[in-house]
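Everything in the sequence shown is counted per my numbering, starting at 588 for the first residue and increasing by one.
Just so you know, not all the hints are guaranteed correct.
Claimed, not checked - Label pairs and their computed distance ranges (CB to CB):
(1) Leu636 x Arg675: 20 to 28 Å
(2) Ile678 x Lys632: 13 to 21 Å
(3) Lys593 x Phe621: 31 to 39 Å
(4) Lys638 x Gln612: 19 to 27 Å
(5) Lys596 x Gly639: 37 to 45 Å
(6) Thr644 x Ile678: 16 to 24 Å
(7) Lys648 x Ser671: 20 to 28 Å
(8) Asp657 x Lys632: 19 to 27 Å
(9) Val679 x Lys596: 17 to 25 Å
To be verified - List time: in silico EDC-like cross-link candidates among lysine to aspartate or glutamate, alpha-carbon distance up to 20 Å:
(10) Lys648 x Glu613
(11) Lys599 x Glu667
(12) Lys624 x Asp657
(13) Lys638 x Glu613
No lab work stands behind these hints: they were computed from the structure.
Don't be surprised by glycine CBs; every beta carbon is placed ideally from N, CA and C.
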Amino acid sequence: HKSKIKNYKNLKMRLSVNNNNNIKQETKCDLMIFDIKTLINYISKYFTLNKGDIIMTGTPKGVGQVTSGDIITSELWSDEDDVSIKMRNKIVSKASKL
């Protein structure tokens with residue numbers, strides 16, 4: 588939430604596969620080409636963003652293959668603000684029919 592984050596550049600990101608000991612990517616947001624505010628402003632010109640939406644762009648070093656059944660854990664946090672977001676998603680081989 589914007590009002591809780593004092594400095595977006597100090598946010599940290601981590602991506603792990605299957606368990607938190609298998610970290611694939613970990614970096615700070617200050618290494619992004621476009622900062623978070625710029626990305627949100629640009630995307631919101633074309634899409635309505637709602638609470639809980641996730642914006643995924645590019646990738647830091649550590650990219651690798653995932654397979655069906657893998658569990659991806661994504662984390663975003665700050666050491667200086669009270670911000671911590673963590674979510675898990677299971678990789679499926681194809682989209683499920685509704």
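Okay, the hints, checked on the actual structure:
Our hint of 20 to 28 Å for Leu636 and Arg675 holds, since their Cβ atoms are close to 22 Å apart. For the pair Ile678 and Lys632, the beta carbons lie near 31 Å from each other, so the given range of 13 to 21 Å is not met. A beta carbon spacing of about 20 Å between Lys593 and Phe621 contradicts the range 31 to 39 Å that was offered as a hint. Separation of Lys638 from Gln612 is about 25 Å and conforms to the stated range, judged on CB atoms against 19 to 27 Å.
For Lys596 paired with Gly639, a C-beta distance near 23 Å fails the hint of 37 to 45 Å. Restraint check, Thr644 to Ile678: a C-beta distance of roughly 19 Å satisfies the suggested window 16 to 24 Å. A beta carbon spacing of about 23 Å between Lys648 and Ser671 agrees with the range 20 to 28 Å that was offered as a hint. Distance hint check for Asp657 and Lys632: the Cβ-Cβ separation is about 34 Å, which falls outside the suggested range of 19 to 27 Å.
Against the hinted window of 17 to 25 Å, the Cβ-Cβ separation of Val679 and Lys596 comes to about 34 Å, which falls outside the hint. For the suggested pair Lys648 and Glu613, the alpha carbons sit about 8 Å apart, so the restraint of at most 20 Å is met. Pair hint Lys599 plus Glu667 holds up; C-alpha atoms about 11 Å apart against a cutoff of 20 Å. For the suggested pair Lys624 and Asp657, the alpha carbons sit about 31 Å apart, so the restraint of at most 20 Å is broken.
At most 20 Å may separate the alpha-carbon atoms for a hinted pair to count; Lys638 and Glu613 exceed this at roughly 24 Å.
In summary, the structure is inconsistent with hints 2, 3, 5, 8, 9, 12, 13 from the numbered list given earlier, while agreeing with the others.
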